[in-house]
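Next come the chains, spelled out residue by residue.
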Amino acid sequence: MSDRLYVATRKGVFTIERRKGRPRARWAITRADFLADNASVVLPDRREGAVYVALGHGHFGVKLHRSRNRGRQWEPCATPAYPPKPEGIEDREPNSGKPIPWSTELVWALEAGHDTEPGTLWCGTLPGGLFRSQDRAVTAQDYVDQVVERARKEFDVPGIAVAIVKDGKVVHAKGYGVRKIGQPAPVTTETLFRIASNTKAFTSAALAILVDEKRIAWDDPVVQHLPAFQMYDPYVTREMTIRDLLTHRSGLGLGAGDLMFFPPSDLPPAEIVRRLRFIKPATSFRSAYAYDNLLYLVAGSIIPAVTGKNWRFLEGAYLRSAGNGPHVHRYHELPRGEKFGDAAQQALRQTGSANI
Amino acid sequence: MPRVTFTQTIQRHVPCPPSEADGRTVREVLERVFAANPRARDYVLDDQGAVRRHMVVFVNGRQIRDRARLSDAVPSDGEVCVMQALSGG
Numbered sequence: 012m013s014d015r016l017y018v019a020t021r022k023g024v025f026t027i028e029r030r031k032g033r034p035r036a037r038w039a040i041t042r043a044d045f046l047a048d049n050a051s052v053v054l055p056d057r058r059e060g061a062v063y064v065a066l067g068h069g070h071f072g073v074k075l076h077r078s079r080n081r082g083r084q085w086e087p088c089a090t091p092a093y094p095p096k097p098e099g100i101e102d103r104e105p106n107s108g109k110p111i112p113w114s115t116e117l118v119w120a121l122e123a124g125h126d127t128e129p130g131t132l133w134c135g136t137l138p139g140g141l142f143r144s145q146d147r148a149v150t151a152q153d154y155v156d157q158v159v160e161r162a163r164k165e166f167d168v169p170g171i172a173v174a175i176v177k178d179g180k181v182v183h184a185k186g187y188g189v190r191k192i193g194q195p196a197p198v199t200t201e202t203l204f205r206i207a208s209n210t211k212a213f214t215s216a217a218l219a220i221l222v223d224e225k226r227i228a229w230d231d232p233v234v235q236h237l238p239a240f241q242m243y244d245p246y247v248t249r250e251m252t253i254r255d256l257l258t259h260r261s262g263l264g265l266g267a268g269d270l271m272f273f274p275p276s277d278l279p280p281a282e283i284v285r286r287l288r289f290i291k292p293a294t295s296f297r298s299a300y301a302y303d304n305l306l307y308l309v310a311g312s313i314i315p316a317v318t319g320k321n322w323r324f325l326e327g328a329y330l331r332s333a334g335n336g337p338h339v340h341r342y343h344e345l346p347r348g349e350k351f352g353d354a355a356q357q358a359l360r361q362t363g364s365a366n367i
Numbered sequence: 113m114p115r116v117t118f119t120q121t122i123q124r125h126v127p128c129p130p131s132e133a134d135g136r137t138v139r140e141v142l143e144r145v146f147a148a149n150p151r152a153r154d155y156v157l158d159d160q161g162a163v164r165r166h167m168v169v170f171v172n173g174r175q176i177r178d179r180a181r182l183s184d185a186v187p188s189d190g191e192v193c194v195m196q197a198l199s200g201g
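Line by line, the protein sequences give chains G and A. The numbers in the first sequence follow the numbering used here, run straight up by one, and end at 367. The numbers in the second sequence follow the numbering used here, run straight up by one, and end at 201.
One chain only, chain A, in its complex shape (with noise of 0.2 Å):
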């Protein structure tokens, strides 16, 4: 089963331990985990449902291309990782 993890930013917030969520997209997996823990996904997500802005969602390491709907795949035994963006100097 996908794992999901979020950075220590976020905990400050709203507890987000790390867990495991079936799915075959991103959407399907996060929406599982926020199913569970209602408060997170407006810490991750925007009203309409798609990555916030500062918001990056890596799977395997690799960011996903599509922020609105969040279908890229995640590999059965995929690690998805919710980050904050890191920019400015």
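Excised from the complex, chain G in its bound form (with noise of 0.2 Å):
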């Protein structure tokens, strides 16, 4: 015998328990769901432990939740939604002449599929409709923007932008939050965001497209490219490859020589990369693994010694064929302060004083 009831009403959805094995137990009222919401119907789905809920809102229509965790946390699911009407179609109640509207108003019946059907939902609506999901009711939109907003939530950032590309086609492009903290403005697909060290991965992309091309190797020396290029060890100068200064095991330090550049500095790329002589290293060559963002820098000049292009060679490659949207490639170019444009906001929380 069940020791749980699911209890919709128009003043929410109620949850009524007694404790397990005991027959005599009193029944209690455990949990209040959507209190104040107009549930029409409640759905424990026993195939699968979920439980659906249909909610009848006086302003805002029909709408479907379902709980994967009895009650403890909702999300929304597709909602039944009649197609659109075709033009000079006349759709009145035979007895009453009124239009019949093409937009459901309650759903009345919500019932698990067979047993040999998970995910199936069968629903049954006015004005009079039946409607099937074999999905669970969850719609690839609902779930993507629910996966998003969790992750915004759980990383605390103010704005997030997302694409999805499967087989070469974008299936999903949408912006999440807002550009800045406490101001209005959308994320939208256009918004420029600074992706930092993402900016490795196309440097590392632009490397193999040029190995690929066979102009250079990844176990290239480097200064076989980059003459000039010298370490502090002139062994590690003479023995560094390419594949070294994309794997963050050249012997420096965490992070080092990274005051060069960051905060934004006046120093041009070239002199950062020749005062690397004079960083001693913090472990031997291929020994340890130390996060570096200079040796990047390095790989990034690879490509214009190579190509005879900046590297804005990406340009040209590939990121042409992602759209001609604005793509801005340097830190200093991002629009900032009160005319930050279409561009995501640094957002840091203060969470205490350091001394520097």
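In case anyone wonders, no lab produced these hints; they're calculated from the structure. There is no bait here: all hints are sound.
With a straight-line cut-off of 20 Å between C-alpha atoms, the simulated SDA-like cross-links for lysine to any residue are:
1. LYS191/G / PRO130/A
2. LYS185/G / GLU143/A
3. LYS185/G / ALA147/A
Need the complex rebuilt from these two chains, each delivered in its own frame; the hints are there to steer you.
Right, here's the structure in full:
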């Protein structure tokens, strides 16, 4: 015998339980969800342990929600919706002659499909209609939105832009949240972001194109392409390969030399690369992992050395194929301050003070 | 650019921050807002894309006339306000 009841009312959904294995124990209300909302139907889906609730908001229409943990969290599902009404169709109730709206006004029945069809739901509506979902009433759009919104809250960031590419086609492109904390401007698909170390992937991809074209090899010594390249130790200078530049095992300590370019400085990249020779290693060559930025600057310098083009080489290679939106490539070129336009702003949360 | 605001009541169900959206008609402006916030669309418009029976849309303080196609004009500095209709006693 079951020990849990779900009750849908005009004022919310109530969970009523009694202690397991004690048939004489009293029933008690253990949860109240959607308080003050009109719940027309509740369906516990025994096949998967999920609970579905249909709400009829006076103003905002019919909505379906699901919980996979007995009501602790609810997520929106796809709501049964009528297709666009074709032009010229007269649809009237035979008795009253009133026009029948092609829009769901009430979910009055919600049933789970057969045990052999997990995920299938049946739904009866007013105006008269029978809807079936074969995917737990999840739409791909809903699912992506839920995952992104959860991530946005989890990482406590004001805004995210997401693109999903499948088989070479953009199947989802959307902005979430805002560009700047405390301001309403939303993140859109056109919003520019500082992508920081994600640029390392572009540097690596550009080099991979050159490897494919057999213009360089991963194990070429760096000095073969950049004769002036010099590390603190002459042995390392001689032995360092392109592969080493990208794999954070040069012997430089964590973030060695980063202060030369961050916060933004006026040192040209060539000068930053030249000063590498003064930075003492923290470990021996190829013996330890330590995240590094400067050697990616060196890796980026190989592209113009080999192609004769500056590193905007990538624009021709494949950024163009991603569309003709506004690409801004350098930190200093991003709009900032009051006139930040469609660019996301840095969000630093102050958690304490530090003495530097 | 027209400015779009939603009343507080809808925020309980789906966040609808005030925003700016380009467009010459209520349809153009709102669809741009909903493109960035698809869940909000179903709360304001019905299955046929008309304004829900108990919702109202104002442009610069005047209720729109075309609730089905939302063809009412929006000036470039217009204020579009989406709210729930109050009725009963």
